[in-house]
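Trainee: So you can see what is in the structure, the chains are spelled out below.
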Amino acid sequence: MANRRSSRHRPGTPARAPARALALAVVLATTACGTSTPDDAGGDTIDGSITVFAAASLKDSFTELAGAFEQAYPGTEVSLNFAGSSDLVTQITEGAPADVLASADAATMGKAGDAGLLAGEPVDFASNTLQLAVPADNPAGITSLADAAGPGVKTVVCAVQVPCGAAAARVEQAAGVDLMPVSEESSVTDVLGKVTSGEADAGLVYVTDVRAAGDAVRGIEVPEAAAAVTTYPVAALADSADPATAQAFVDFASGPSARAVLGAAGFGAP
Amino acid sequence: MNTAVLPRWVVALAVVGGLFVVLPLVAMALRVDWPRFVPLVTSDSAQAALLLSLRTSLTATALCVLVGVPMALVLARTSFRGQRLVRSLVLLPLVLPPVVGGIALLYTFGRRGLLGSSLDALGVDIAFSTTAVVMSQAFVALPFLVLSLEGALRSVGTRYEAVGATLGAGRWTVLRRITLPLVLPALVSGAVLSFARALGEFGATLTFAGSLQGTTRTLPLEVYLQRETDPDAAVALSLVLVVVAVAVVGVAHRVRPLGSGTPAPPRVQNRAR
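Protein sequence lines correspond, in order, to chains Y and B. Mapped onto the working numbering, the consecutive letters of the first sequence carry residue numbers 12 to 281. Mapped onto the working numbering, the consecutive letters of the second sequence carry residue numbers 204 to 476.
Any given hint could turn out to be false.
[To be verified] Now the in silico label distances, taken between C-beta atoms and shown as ranges:
#1 B:V225 / Y:G127: 29 to 35 Å
#2 B:L254 / Y:S155: 52 to 58 Å
#3 Y:D58 / B:V298: 40 to 46 Å
#4 Y:A280 / B:L297: 27 to 33 Å
#5 Y:G106 / B:R362: 33 to 39 Å
#6 Y:E132 / B:V219: 52 to 58 Å
#7 Y:G127 / B:D435: 39 to 45 Å
None of these hints come from the bench; they were simulated from the model. Source: prediction; values computed, not measured. Glycine included, each C-beta is placed from N, C-alpha and C at the ideal position.
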């Protein structure tokens, strides 16, 4: 299902393309200076191949960032693997070869840390906020979180076991609203899918998901979402075969140039 | 075990294949947190999921028998233009990724689907209901029943039916007294396999029905969700599903060794009389 997002760059979203082009231009301009930085002596050269495990919600942004990183550091090659954050940690725990982990919440990164998988301290590089997504024609006429809790309204959220569900629970608590969802999905992509297909009247998803879904859904601001801002940490992994390049990617992803790309996708500052 | 009739390398490859199937199950059983096993599989959410799974899978199996038997009969006993194509289409859910089946069901029975607005007018709301789970399961399980029953119908042939008809039995009598008793073992094993497939359904349910405890969250969906926070619970529940699957396959084998031919005719003649 994660692949669906890549097919969403339709002509229907004209405002985004220039914004992205601009963001990429900024990245290239700012990192161009970085390329001239002489490589450290010895085996610390930044020209290896690394594999980055990143949360599914980072798919578009990190695909772009990986390209920019490869251009900024010629000779490097970045492979990307996207999945739910806990899946990624499970994969790494079970021995999947990875050099960098970018997760969608601090708790999952904490698990990776507890398991001794990290090479250093994780760095927060972005934040994300929940928003109500409704089908483009908003059949249930929803304007607030309270509307989404109304009788007969089909609202879908993430299950509390996954990060977006834990955030949703905090938002509900902050707003004093009990949503009574018709479904508690295992991933935010599944929530969004139920909304884009029109099965559900509303779904609590991230701002970035609403942005990526284009014209299929409309986003409705939820003021109480400020109570549950999710931070995204990134860290190099202990088992990396190329620690220098892995650390360079961590610095790059948390640096100012990456901010532009992430900001264009809807991510907030960490 | 007498393996002398086969070249050694054939036996060796067969053993490798067998290990490939069995070893992952053993590996999983080794990861089970035995002291916590009982509490894990009897938690509220686990019980709700297990009960829902059994309830929906039984309903889906009944649905499969209801429409699958006529489908197998039509495919095996009639001939019409495009029959081969129809047969391939009927078997499609067998090879289709379940998530694709779920999307197809969504675009048919969903609120904005092909039949969705008509169903809505009738006051039928399938979205996020247990009905949607049963439909997902029946969709993927139906080919198992049709396939095994049609094969049996073809292998028993039409001799007894022809004899019955010449002796004056009507079509319904022939069907009820001769055809169905002849293929009963295949019907049972087909139904058992359908049940097993329904029990394991995941992709179509996730896409089409959603996931809510007690309503749509079947055991496989519960395993998938528990894995996020409590891998031990996921492994324990997986083991429950494996045990059920082994039991089901065992029953199917006992009824009729899979792939064996026609049941003994004398017994059938007795029944047909």
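Trainee: A separate judgement is required for each hint: does it hold in the structure or not?
Mentor: These are the hints, each one checked on the structure:
1. For B:V225 paired with Y:G127, a C-beta distance near 32 Å keeps the hint of 29 to 35 Å intact.
2. Taken as a hint, the range 52 to 58 Å is violated for the pair B:L254 and Y:S155, whose Cβ atoms sit roughly 36 Å apart.
3. Between Y:D58 and B:V298 the Cβ separation comes to about 45 Å, which falls inside the hinted range of 40 to 46 Å.
4. At roughly 50 Å, the beta-carbon separation of Y:A280 and B:L297 lies outside the given 27 to 33 Å, and the hint is violated.
5. The hinted window of 33 to 39 Å between Y:G106 and B:R362 is violated, with their beta carbons roughly 60 Å apart.
6. Distance hint for Y:E132 and B:V219: a CB-CB separation of about 46 Å, inconsistent with the stated range 52 to 58 Å.
7. The given range of 39 to 45 Å is broken by Y:G127 and B:D435, whose C-beta atoms sit roughly 19 Å from each other.
Of the numbered hints given earlier, the model fails hints 2, 4, 5, 6 and 7; all others are met.
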